[in-house]
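Q: Just so you know, the sequences run in chain order A and B. Here the working numbering is used: the first residue of the first sequence is 1, the next is one more, and so on. Here the working numbering is used: the first residue of the second sequence is 576, the next is one more, and so on.
Be aware that one or more of the hints could be misleading.
Derived CB-CB ranges, DEER-like [said to hold, decoys possible]:
| id | chain 1 | residue 1 | chain 2 | residue 2 | range |
| --- | --- | --- | --- | --- | --- |
| 1 | A | 410 | B | 761 | 47 to 53 Å |
| 2 | B | 906 | A | 98 | 53 to 59 Å |
| 3 | B | 679 | A | 344 | 25 to 31 Å |
| 4 | A | 303 | B | 873 | 32 to 38 Å |
| 5 | A | 386 | B | 745 | 47 to 53 Å |
| 6 | B | 873 | A | 557 | 25 to 31 Å |
| 7 | A | 402 | B | 761 | 28 to 34 Å |
| 8 | A | 223 | B | 761 | 53 to 59 Å |
| 9 | A | 303 | B | 668 | 29 to 35 Å |
Covered stretches of chain A, going by a simulated chain B footprint (3 or more residues, C-beta under 8 Å) [unchecked claim]:
| id | region |
| --- | --- |
| 10 | 279-290 |
| 11 | 310-321 |
| 12 | 427-439 |
No wet-lab data here; the hints were simulated from the structure. Think of the CB as a built atom: it goes at the ideal place given N, C-alpha and C, for glycine as much as any other residue.
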Amino acid sequence: MKKMVVLTLVLVFLFSFSILSMAQEIKLKDPWVSEREQGQHGGTLVSALLGDPKTFNVITAQETSSTDIVEDYIFEGLVSRHGVTTEFIPVLAKDWEISEDGTLYTFYLREGVQWSDGVEFTADDVIFTFDVIKDEDVPTSTRDVMMVDGEFPEYRKVDKYTVEIEIPKPFAPFLNNMTTFIIPKHKLNDAWQAGNFNDMWGIDTEPSEIVGTGPFTLGEYRAGERIVMLRNSYHWRRDPQGRPLPYIIRWVRVISESQETQALMFEKGQTHALGVRGIDFNRFKENAEEGNYHMVNGGPTFGTNFLVFNMNPRNPKLEEQPWKYEWFTNLNFRRAVAYAMDKDTMIDQALAGYGSKQWSPVSAPNKVYLNEDVKKYPYSLENARAELEAGGFSWDDNGNLVDKDGRRVEFNMVTNAGNTQREAILNIAATELRELGMKINSTPIEFNKLVNQLMSEWNYDTIIIGLTGGVEPHSGANVWPSHGHLHMWNPQQEEPATEWEARIDELFEKGASATEIEERVKYYDEFQEIIANRVPVIYTVTPNALYAVRNTLKNTQPTAYGEMWWNIYEQYITK
Amino acid sequence: MDKINQKPRNLKPGNKDYEFWQDTWKRMRRHKMAVIGGTIIIILYLIVIFAGFLAPYNPYKGFKKHFFHPPTKIHFTDEDGLSWPYVYRTESVDWADYEIIRDKKYPIKLFHRGQEYEFLGLFDTNIHLIGVDEPAHLFLLGSDNYGRDLFTRILFGGRVSMFIGFVAIFITTIIGLIVGGIAGYYGGWVDNILMRFAEVIMSIPSFYLLLALAAVLPIDISSTLRFFLIISILSFRGWAGMARVIRGMVLSVRNEDYVLAAEAIGARDPRIIQKHVLPVTTTYVIVRATVSIPGYIIMESGLSFLGLGIQEPNASWGNMLTAAQNVTKITRFPWLLIPGFMIFFAVLSYNLLGDGLRDALDPKVTDSK
């Protein structure tokens, strides 16, 4: 009897559920269909993460440990860049138009896309996202990036599936800003109206509350242990047979702060893929067959490593040591240092042979904007000595380098502790400069201290540091123009200190407002030539993106730009 | 006419002091392990003191094309049987992979003229005990990430590791003896204040003090000086434990007859403390010093591991070992772990010696044992 009751109840429940879902039937009109081979649905993917997220709020998230979780996997933008070609691809927008004068952008949204709780995604969500970003009380770096000519663009809903954005003047990098991640209005509007947006979706949020359009949803988060992500059954991508993607049902991301531990986990067969360090590459390659995985060399990464000189006249240390300003602003001196960078040895010893030399401020894999014909400074201590002599330096009887006033050339060179590649680059560079007769105090220091010296205290001599780099050259607008906050050698200038810095300011402005790609390339080419000529920063070597991928994981295509998981939605696991 | 012997102590047979040290030495010699430990330590000190002469290279000299080079194979025989030891040159064929080129034999030369160094800080010379001519290399224990000779760096690195403890012990002992002696001898409120002060000092967390110090010290001083500074400052914290023990020992002899007698004949306090009270603690101080030196050796390696100790390009056993923190390096270039063995040997030897010393110096141990 009891059984009957239970059975009836279950039937009634199921029936009512099916009526409910029928009432909400939303038809996906514009699915995206995978062109890769048909995979098997199911399976659990395991990978490793370097750190704990600080928030799941994609708008306020700043650090990579947070964005690595939410961006692209849980939340998506209107457009995105392809992981291999780096060209713009439609995501939540199926298509877009740019008016002839380059000021009006129209985005046509995919119809029938659903949030992971089943609610339909519409133009209201896009408008809501822009409202939130525009709100001065919401701490997000996206707002500054979105500004064109100091103004936030005007945006409006045309209909349920169309959004228009108008910017005050043509601004080519603007499409890049449309990769901004869209958040659900129905979940966050109340909180935003009440002024609580910044506290929403912290790491203690109930996972099912976090709703996105991406291929995965949050399943479980255990601080310091793991993040489990579950397949979003409402996702809008389809496999070649027309069934919803992703193939993978569960994605377990184990948190392990040590790369060494991550490597061991992969070797023991616990994870499916691993970003490999150069030093480990050969060892992994030798065991590939036994471990049932293969190695991928994704070519040079976008990240850069370079040496920067302090040419800031506001350096508080200059009161005691005014001569350092003279050395560092001496072009011959900088060129001499550039000639002393033994990049072959750096690749061999710091990157274990898996890296490439960099000469230009544009990242090496950025084929569209990279200017390969900039001035290069191949390793040569003779050239370095010649430059030093030309700059008024000479050597005393003990072989020590002295400036024109007979003062011994001595300065500090620091990098952030814990980054073994940079520490090795620092050691190699310092050794060569000592060979030139300079006295170099080289030491790794704590990262935050280094950033303070670079950004606010301005009291360093030279620093070896890196920038993340990217495809759009205008993303360097905080670095290269003389007013930039990260214009490291002399930040936030009111008036450009030198003619060449003034020219770079001009080039960046022209490059941003030109709409034709050929025209833009011309401006950014000149900018790269100036930097290579004037060497305010000296580029060193760039590591390659190296991966080990388990053979049971299919449809993978790791690249330096998209890294391992850019096409996670079409990757699948064979039994 | 008899002359008055001016020497306060007479270390000749028949003198009490002499007998004590002689007995100690006898007991010490019976302690086989302690003798072995002591011998190893003496050898280690000789080696690191003469590092410049014994090492074939300069510790900073990197052979760019010969990084992670395995230990050079030394040949003792050729076609005609036994021969003077010689090596072959090697050439890099792949990343950290070297091929031996057998076109010419490079004999190992005694008193080879190589790179310049300062002999015992006295004069510059370029004579090394052994060496080979370029382009061959003599990497007795292989080379490191930058192509520097590991053997050379172990010898030079040992200087820091082996001598670092002395400074600290010197400082802790002096402060410990003075404070402990005064507190124990006078007692009362002096004792109370000094001991409470010592307890406050002891409660300072040393690790955070270290982190703070590492951040505050300027980077343009040499890393060895920097490290000595850190260690010295740390030992200003470390005296407290010592002072407590000394104070206890002083307290127990304070009312002995010979101290009272000295007081009765009008000796002044500083003299009594110095001549009659503190000598009681000699054995404790010696043993404690011996046992705490390995502590500083370990501490140096720990600090270097955290990046607070000796910095590149300077060598110490600790920071050399830091370079081997990777499975690939340990499995493919196992010679990088040798500095770890050096730490192990030095620490073990010191502990053995300390053990033996403690037994030998213990006045309760009788010959009948």
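Q: If a hint holds in the structure, say so; if it doesn't, say that too.
A: Hints and how they fare:
1. 410/A / 761/B: 47 to 53 Å: Given a distance of about 52 Å, which is inside 47 to 53 Å, the answer is holds.
2. 906/B / 98/A: 53 to 59 Å: Holds: the Cβ-Cβ distance is about 55 Å, inside 53 to 59 Å.
3. 679/B / 344/A: 25 to 31 Å: holds, 27 Å
4. 303/A / 873/B: 32 to 38 Å: Holds: the Cβ-Cβ distance is about 37 Å, inside 32 to 38 Å.
5. 386/A / 745/B: 47 to 53 Å: holds, 51 Å
6. 873/B / 557/A: 25 to 31 Å: Distance hint for residue 873/B, residue 557/A is violated at roughly 48 Å.
7. 402/A / 761/B: 28 to 34 Å: Since the Cβ atoms of residue 402/A and residue 761/B sit about 59 Å apart, the hinted range of 28 to 34 Å is violated.
8. 223/A / 761/B: 53 to 59 Å: holds, 55 Å
9. 303/A / 668/B: 29 to 35 Å: Because 30 Å falls inside the window, the suggested range holds.
10. 279-290: With 4 residues closer than 8 Å to chain B, the region 279-290 of chain A meets the three-residue bar; holds.
11. 310-321: Answer violated; 0 residues pass the 8 Å Cβ test.
12. 427-439: Result for this restraint: holds, n = 4.
Of the hints listed earlier, those the structure fails to meet are numbers 6, 7, 11, in rising order.
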